[in-house]
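Participant: Sequence:
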Amino acid sequence: MSGDALTFRTDGPVATITLSRPPHNFFDVAMITQIADLIEACDRDPGVRLCLLTSDQKNFCAGADFSGGNRPDPMPIYQAAARLIDRRKPLVAVVHGAAIGGGLGLALAADFRIGASDCWFQGNFVRIALSPGFGLSYTLPRLVGAQRARDLLLTGRRVDAQEALDIGLIDRLAPREGLHEATGAFAAELAENAPAAMVATRTLLSKDAGRDFRAAVEAELAHQRLLFASPDFAEGVAASRERRTPHFSAFPGEPQ
Numbered sequence: 015m016s017g018d019a020l021t022f023r024t025d026g027p028v029a030t031i032t033l034s035r036p037p038h039n040f041f042d043v044a045m046i047t048q049i050a051d052l053i054e055a056c057d058r059d060p061g062v063r064l065c066l067l068t069s070d071q072k073n074f075c076a077g078a079d080f081s082g083g084n085r086p087d088p089m090p091i092y093q094a095a096a097r098l099i100d101r102r103k104p105l106v107a108v109v110h111g112a113a114i115g116g117g118l119g120l121a122l123a124a125d126f127r128i129g130a131s132d133c134w135f136q137g138n139f140v141r142i143a144l145s146p147g148f149g150l151s152y153t154l155p156r157l158v159g160a161q162r163a164r165d166l167l168l169t170g171r172r173v174d175a176q177e178a179l180d181i182g183l184i185d186r187l188a189p190r191e192g193l194h195e196a197t198g199a200f201a202a203e204l205a206e207n208a209p210a211a212m213v214a215t216r217t218l219l220s221k222d223a224g225r226d227f228r229a230a231v232e233a234e235l236a237h238q239r240l241l242f243a244s245p246d247f248a249e250g251v252a253a254s255r256e257r258r259t260p261h262f263s264a265f266p267g268e269p270q
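Sequential numbering from 15 applies to the sequence shown in the working numbering.
This list has only true hints and no planted wrong ones.
Calculated lysine to aspartate or glutamate pairs in the EDC-like style (CA-CA distance at most 20 Å, straight line):
#1 K221 to E54
#2 K72 to E191
#3 K221 to D57
#4 K72 to D42
#5 K72 to D18
#6 K72 to D174
#7 K221 to D125
#8 K72 to D132
#9 K72 to E195
#10 K221 to D100
Because the hints were derived from the structure by calculation, they are not lab data.
Taking the hints into account, I'd like the entire structure generated from these sequences.
Facilitator: Take a look at the structure:
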């Protein structure tokens with residue numbers, strides 16, 4: 015099966031969803047909704063034991079595309095993203111290149127992340143005058159701890175592959191040229207396990223995750239809607255596009 019931005023295939027007990035939107039796999043609500051639809055179809059298919067989420071582009075996913083001055087309402091995207099959290103079967107994100115902004119959120123929605131040696135991650139929201147979205151205020155602290163999440167989200171800094179492994183952002187690190195083989199070996203290891211036991215284990219470990227994720231994205235949305243309306247957001251996007259330092263406004267009442 016193929017679509018405008020995704021391809022889907024099954025190989026025995028392993029399903030693979032491949033992001034395929036040049037040049038950087040920017041997502042929109044249709045793309046995230048289709049991913050959720052496919053994952054739910056895998057949940058219903060007794061022949062599928064796990065799902066891989068990968069990319070055939072230079073990067074895994076660069077998040078939402080704001081380059082044209084777009085200010086989309088993120089809520090439909092976040093509602094679709096919550097469906098990813100509600101899944102029953104294991105999801106493995108296979109990351110090469112960049113996972114930025116919402117793309118980081120998409121990677122963290124998975125149960126596991128296998129990273130290539132060229133992978134890197136960045137929650138760059140503050141650098142374009144936004145607060146975090148795609149549930150990162152929930153998923154990132156749960157994965158790397160509250161203080162590391164503060165570090166990554168308040169600095170907006172880039173995390174390379176080795177640091178990602180060291181702090182638990184990825185679970186396996188493979189050479190770029192060996193990523194396919196490493197992914198296949200990990201998928202085979204999971205697929206050997208009892209399917210019902212894996213579903214039960216994931217359910218126990220993810221108790222209330224869907225509810226908590228939805229609460230997080232509702233709070234994120236309230237802040238993002240205010241910040242979308244700020245001139246700083248337009249300046250942040252322009253500065254990112256032009257590869258220059260942004261000039262953000264001071265707080266009201268603060269000396270310029």
